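J.: Here the protein sequences line up with chains A and B, keeping their order. Counted the way numbering that gives the first Met the number 0 counts, the first sequence spans residues 0 to 380. Counted the way numbering that gives the first Met the number 0 counts, the second sequence spans residues 0 to 600.
Hints are supplied without guarantee of correctness; some may be wrong.
[Stated by the list, open to error] Just the calculated beta-carbon pair ranges, DEER-fashion:
hint, chain 1, residue 1, chain 2, residue 2, range
1, B, Glu591, A, Glu92, 51 to 59 Å
2, B, Gln398, A, Gly338, 37 to 45 Å
3, B, Ser140, A, Gly212, 40 to 48 Å
4, B, Pro332, A, Thr234, 58 to 66 Å
[Claimed, not checked] Computed cross-link-like contacts, DSSO-like style, restricted to lysine-lysine with a CA-CA straight-line distance of at most 30 Å:
hint, chain 1, residue 1, chain 2, residue 2
5, B, Lys548, B, Lys577
6, B, Lys557, A, Lys14
7, B, Lys557, A, Lys248
8, B, Lys552, A, Lys15
9, A, Lys14, B, Lys568
By construction, these hints were calculated from the structure, which means they are not laboratory data. The structure presented is a predicted model; accordingly, all values stated were derived computationally and were not measured. Just so it is clear, CB atoms sit at the ideal spot from N, CA and C, and this is done for glycine as well.
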Amino acid sequence: MKLLSLYLHVPFCAKKCAYCDFASYHGRGTDWRRYFDEIATEIRLWSKETDFGLISETYRVRSLFIGGGTPTLVDANHIEKMIDACRGIAPFEDDVEITIEGNPGTLTPEKLAIYRRAGVNRLSLGAQSFDDGLLQSLGRIHTAAQIGQAVGMARDAGFDNINLDLMYALPEQGMDQWRDTLDAAIDLGVEHLSAYSLIVEPGTPMAARVASGTAIVPDDDAVNAMQRAAIDRLTVAGYRRYEISNYAKPGYECRHNLVYWNRGDYLGLGCAAHSLLGGHRFHNPDALDEYLSGGRRLDDTVLTPQDAMEETLMLSTRTVRGLDLAAWERAYGTPFARGRERALNAFERAGLVETGGGFLRLTTRGMEVQDAVVLELMGEM
Amino acid sequence: MKYDQSRIRNFCIIAHIDHGKSTLADRILEKTGVMQLRDMTDQVLDSMELERERGITIKSKAVRMPYKAKDGTEYELNLIDTPGHVDFTYEVSRALAACEGAVLVVDASQGIEAQTLANVYMALDHDLEIRPVINKIDLPSAQPEVVKQEIEDEIGIDCEGCPLVSAKQGVGIEDVLEDIVNNIPAPRDDIDAPLQALIFDSYYDNYRGAISSVRVKAGSVKVGDRIRMMAGKCEFDVTEVGAYLPLGYSPRESLNAGEVGYIAASIKDIADIRVGDTITLATNPAAEPLPGYKPVLPMVYCGIYPADGADYESLRDALEKLRLNDAALSYEPETSVALGYGFRCGFLGLLHMEIIQQRLEREFDLDLVTTAPSVVYKVIKTDGETVMIDNPTNLPPVQEIDWMEEPMVDAQVITPQDYVGAIMELCQDKRGTFRDMKYIEGGRVLLKYDLPLNEVIYDFFDQLKSRTRGYASFDYELKGYERSDLVKLDMLLNGEQCDALSIIVHRDRAYPRGRSIAEKLKEAIPRQLFEIPIQAAIGGKVIARETVKALRKDVLAKCYGGDISRKKKLLEKQKEGKKRMRQVGSVSVPSEAFMAVLKMD
Numbered sequence: 000m001k002l003l004s005l006y007l008h009v010p011f012c013a014k015k016c017a018y019c020d021f022a023s024y025h026g027r028g029t030d031w032r033r034y035f036d037e038i039a040t041e042i043r044l045w046s047k048e049t050d051f052g053l054i055s056e057t058y059r060v061r062s063l064f065i066g067g068g069t070p071t072l073v074d075a076n077h078i079e080k081m082i083d084a085c086r087g088i089a090p091f092e093d094d095v096e097i098t099i100e101g102n103p104g105t106l107t108p109e110k111l112a113i114y115r116r117a118g119v120n121r122l123s124l125g126a127q128s129f130d131d132g133l134l135q136s137l138g139r140i141h142t143a144a145q146i147g148q149a150v151g152m153a154r155d156a157g158f159d160n161i162n163l164d165l166m167y168a169l170p171e172q173g174m175d176q177w178r179d180t181l182d183a184a185i186d187l188g189v190e191h192l193s194a195y196s197l198i199v200e201p202g203t204p205m206a207a208r209v210a211s212g213t214a215i216v217p218d219d220d221a222v223n224a225m226q227r228a229a230i231d232r233l234t235v236a237g238y239r240r241y242e243i244s245n246y247a248k249p250g251y252e253c254r255h256n257l258v259y260w261n262r263g264d265y266l267g268l269g270c271a272a273h274s275l276l277g278g279h280r281f282h283n284p285d286a287l288d289e290y291l292s293g294g295r296r297l298d299d300t301v302l303t304p305q306d307a308m309e310e311t312l313m314l315s316t317r318t319v320r321g322l323d324l325a326a327w328e329r330a331y332g333t334p335f336a337r338g339r340e341r342a343l344n345a346f347e348r349a350g351l352v353e354t355g356g357g358f359l360r361l362t363t364r365g366m367e368v369q370d371a372v373v374l375e376l377m378g379e380m
Numbered sequence: 000m001k002y003d004q005s006r007i008r009n010f011c012i013i014a015h016i017d018h019g020k021s022t023l024a025d026r027i028l029e030k031t032g033v034m035q036l037r038d039m040t041d042q043v044l045d046s047m048e049l050e051r052e053r054g055i056t057i058k059s060k061a062v063r064m065p066y067k068a069k070d071g072t073e074y075e076l077n078l079i080d081t082p083g084h085v086d087f088t089y090e091v092s093r094a095l096a097a098c099e100g101a102v103l104v105v106d107a108s109q110g111i112e113a114q115t116l117a118n119v120y121m122a123l124d125h126d127l128e129i130r131p132v133i134n135k136i137d138l139p140s141a142q143p144e145v146v147k148q149e150i151e152d153e154i155g156i157d158c159e160g161c162p163l164v165s166a167k168q169g170v171g172i173e174d175v176l177e178d179i180v181n182n183i184p185a186p187r188d189d190i191d192a193p194l195q196a197l198i199f200d201s202y203y204d205n206y207r208g209a210i211s212s213v214r215v216k217a218g219s220v221k222v223g224d225r226i227r228m229m230a231g232k233c234e235f236d237v238t239e240v241g242a243y244l245p246l247g248y249s250p251r252e253s254l255n256a257g258e259v260g261y262i263a264a265s266i267k268d269i270a271d272i273r274v275g276d277t278i279t280l281a282t283n284p285a286a287e288p289l290p291g292y293k294p295v296l297p298m299v300y301c302g303i304y305p306a307d308g309a310d311y312e313s314l315r316d317a318l319e320k321l322r323l324n325d326a327a328l329s330y331e332p333e334t335s336v337a338l339g340y341g342f343r344c345g346f347l348g349l350l351h352m353e354i355i356q357q358r359l360e361r362e363f364d365l366d367l368v369t370t371a372p373s374v375v376y377k378v379i380k381t382d383g384e385t386v387m388i389d390n391p392t393n394l395p396p397v398q399e400i401d402w403m404e405e406p407m408v409d410a411q412v413i414t415p416q417d418y419v420g421a422i423m424e425l426c427q428d429k430r431g432t433f434r435d436m437k438y439i440e441g442g443r444v445l446l447k448y449d450l451p452l453n454e455v456i457y458d459f460f461d462q463l464k465s466r467t468r469g470y471a472s473f474d475y476e477l478k479g480y481e482r483s484d485l486v487k488l489d490m491l492l493n494g495e496q497c498d499a500l501s502i503i504v505h506r507d508r509a510y511p512r513g514r515s516i517a518e519k520l521k522e523a524i525p526r527q528l529f530e531i532p533i534q535a536a537i538g539g540k541v542i543a544r545e546t547v548k549a550l551r552k553d554v555l556a557k558c559y560g561g562d563i564s565r566k567k568k569l570l571e572k573q574k575e576g577k578k579r580m581r582q583v584g585s586v587s588v589p590s591e592a593f594m595a596v597l598k599m600d
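Whole structure, please, built from the sequences with the hints as guidance.
T.: What follows is the structure, encoded as structure tokens:
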């Protein structure tokens, strides 16, 4: 029996954040019902015979992730129905991980109770910062105090696996402020933390601010220092870094995200959702209207061994576990090091990579330049 | 029209750049009716994209026009268009040999310029009748009388009654045509003698094969004749002869003594046609070939490499094609550790080099990496042997060198008085030796200097232009070799010498050049995973050092919801970028870096 992860996208937000270029829409409340009807149709389609066969015959669902947008914005009953419908695609494992992403400003005890009833056992909150000034400049709808309240509410509802997303490398964000944010998150005692450095995406208000000089982002050295501060503080507090941007208390690593990095099978449902299934990659349209009018499964590509190798290299080296050398040789018929001896030796000497226990992994320093290391290792691949 | 040598006029138009040569040619084509007004584009004869864009003529071209003079006599005019820049004097001299006269165009407000004189002297060398024409009389600043006086004083040509024209507005064009038929002599070639046809240009036509542009100096040639290339020794059967129209061919039964036109003979290999060679008949050959053209020697060399090594064959084919109608271009294969397989190419000068590079890139769609231009140095070795070095990499080891010599040029700069100080300073900076200074017409000064050619090819033109706001004109010719204290400056990247970046410089220049190149490389080489020391060294002694710091951060924080396409795209882009880089040891060097060293601040 193979394992499958499901991703469900909810592209609605109360307000678009200044840095966001992802598929999310505000002020489209009238579309919510239609949207969940569409997803229900899509779920039904995947519950029947597909060109991958009958999914329920070959797969068990090990994780389900409801991301956004702000899934906690919409009527919780939509979420419950949607999760229930997914059981039609394939049976859920007993210990299935079901995560919902949310904004601290949109939670209520009622919503949380419904999520619990639907089987949601992990809550991921977009906290971003514990500085109200920064939250406002990012265009967040919540305050620092609301993050604490939301965590408390979730604990009361029975959530024992909570993640906070944090952002650094923000304009006007000093090291002290970042440390304060880390400490505040640690104090809340959450099980998991994601610390993302700001990506200034073209076309966002943030990009315009940076271009005009009204927002100045920290330089590379300052960004690295912030990341190292996160590693140091979180390690002391009992978290373990297990991916470039992710930290968890032992046993609380997000199974769903690990599937992306380990290239397990996953099926994305809803607008802008991406899938890797049976050696195919495909995705639904980014635009809500295109999805609502039936657009599905775009850019369906059968991955070549070459694609798979490149993906394995670039995804597995994001994790602290690293690249499984034996698995590589089994899958691609040649040792990973072959033809890369020179680069690997140089990287090891420079303290960028290390090998051990059958895995090749990037060091803390190596992870700061992961793209460049991967590019070199791709070589003539 | 029946063949009658007395009704033929073969002429060219010579002028300083921008004095309106191409515009006058356009008007003449229009006036004689070979070009309809609706077919006219500016610079009809300059068909090469580069020529139009830069407003210059690079290749010689010929076109035949019928002209009915005011007295009713019908003439056949052959206009041979010539390039104006000093780098292309070779092309000019080929074209001049096909003419009996030259129309000298002088700008009514600018007067005589450096190139005006150079062209006049060349025309006089070929015994051409020179007919001055004062152009741009429509300009408010036009001083036709002053300019006429200047021509009479400085060149000694009678300007009495010379045509005053505005080619732009089409004024006075008929006067020019009348002046041509009345004053430029008809050819006096012997039609009964064995065929002698001078090849002044060649090119490839997809339908006709390789074609020779010729001036028939004796005898005649017709379809079916078996012709022989006198120097090339090969023979062909003529398939077509004729005259040139502005945009095509006008086949004829024969080409006769005194005429200008083309010969096609199903010649597959353009290399069989050598510009400057004489064509004769196999059955009744001429005793002697016509005097060949002055052979030209390349003055400037550089390495040209394909940006993508797989394009080596295409680059070779392209050079071969360009060589076909540009005898002044030379090339031979060379290899570089840093750049792989490429060619060492020789040029007449910097503009010629730039034009060839651009033609390769545009007409043949090639991506190139070029190395710093070099001149040819003379190295006298301790064992008495003398070697000529056009590539710094080939310089013998220091201990084998007794002394070295570098090429010097006679440089002449004509400038408005105000800039004399600035130019003297520049020439001083460039290791120049002052020779002469003379006041000429119009408040201008003629300065003469001896300059090392390697300084001229560095950034002399740019400096001259910026220091005189473009008012000065510059001309030079090779003078000879002089002993000089030269050294080879090497660049090391991460401790490894990069052969393509080595240059030969005067010892006094080595320090500033080394520093400047190291700084340029620091800017051009992107940060990599390791720190990269950049060193400039003379014979192993480091004289300048810069460092490219290691890459600090290069990682995408997040892959949204399993969407790895952004990361993939980013990596694809970086992969493409990397492909365009050269590996020097462990260092990736972008192609631009090799060019960056040519630029001064």
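J.: Tell me if the straight-line CA distance from Lys548 (chain B) to Lys577 (chain B) falls inside 30 Å.
T.: Distance of about 18 Å is within 30 Å: holds.
J.: Is the gap between the beta carbons of Ser140 (chain B) and Gly212 (chain A) within 40 to 48 Å?
T.: Once the Cβ atoms are compared, 46 Å apart, the range 40 to 48 Å for Gly212 (chain A) and Ser140 (chain B) holds.
J.: Is 51 to 59 Å respected by the C-beta to C-beta distance linking Glu591 (chain B) and Glu92 (chain A)?
T.: holds (55 Å)
J.: Does 58 to 66 Å hold as the CB distance between Pro332 (chain B) and Thr234 (chain A), or does it fail?
T.: holds (59 Å)
J.: Below or equal to 30 Å on CA atoms is what counts here, so check Lys557 (chain B) against Lys248 (chain A).
T.: Holds, at roughly 20 Å.
J.: Taken at face value, is the distance from the CA of Lys568 (chain B) to the CA of Lys14 (chain A) at most 30 Å?
T.: Answer holds: Lys14 (chain A) to Lys568 (chain B) is near 29 Å, not above 30 Å.
J.: Between Lys557 (chain B) and Lys14 (chain A), does the CA-CA distance stay at or below 30 Å?
T.: holds (21 Å)
J.: Starting from the hint 37 to 45 Å, judge whether the C-beta atoms of Gln398 (chain B) and Gly338 (chain A) obey it.
T.: holds (42 Å)
J.: Given the hint that Lys552 (chain B) pairs with Lys15 (chain A), does the C-alpha gap stay at or below 30 Å?
T.: OK: Lys552 (chain B) and Lys15 (chain A) at ~28 Å, within 30 Å.
Violated hints for the displayed structure: none, as all numbered hints are satisfied.
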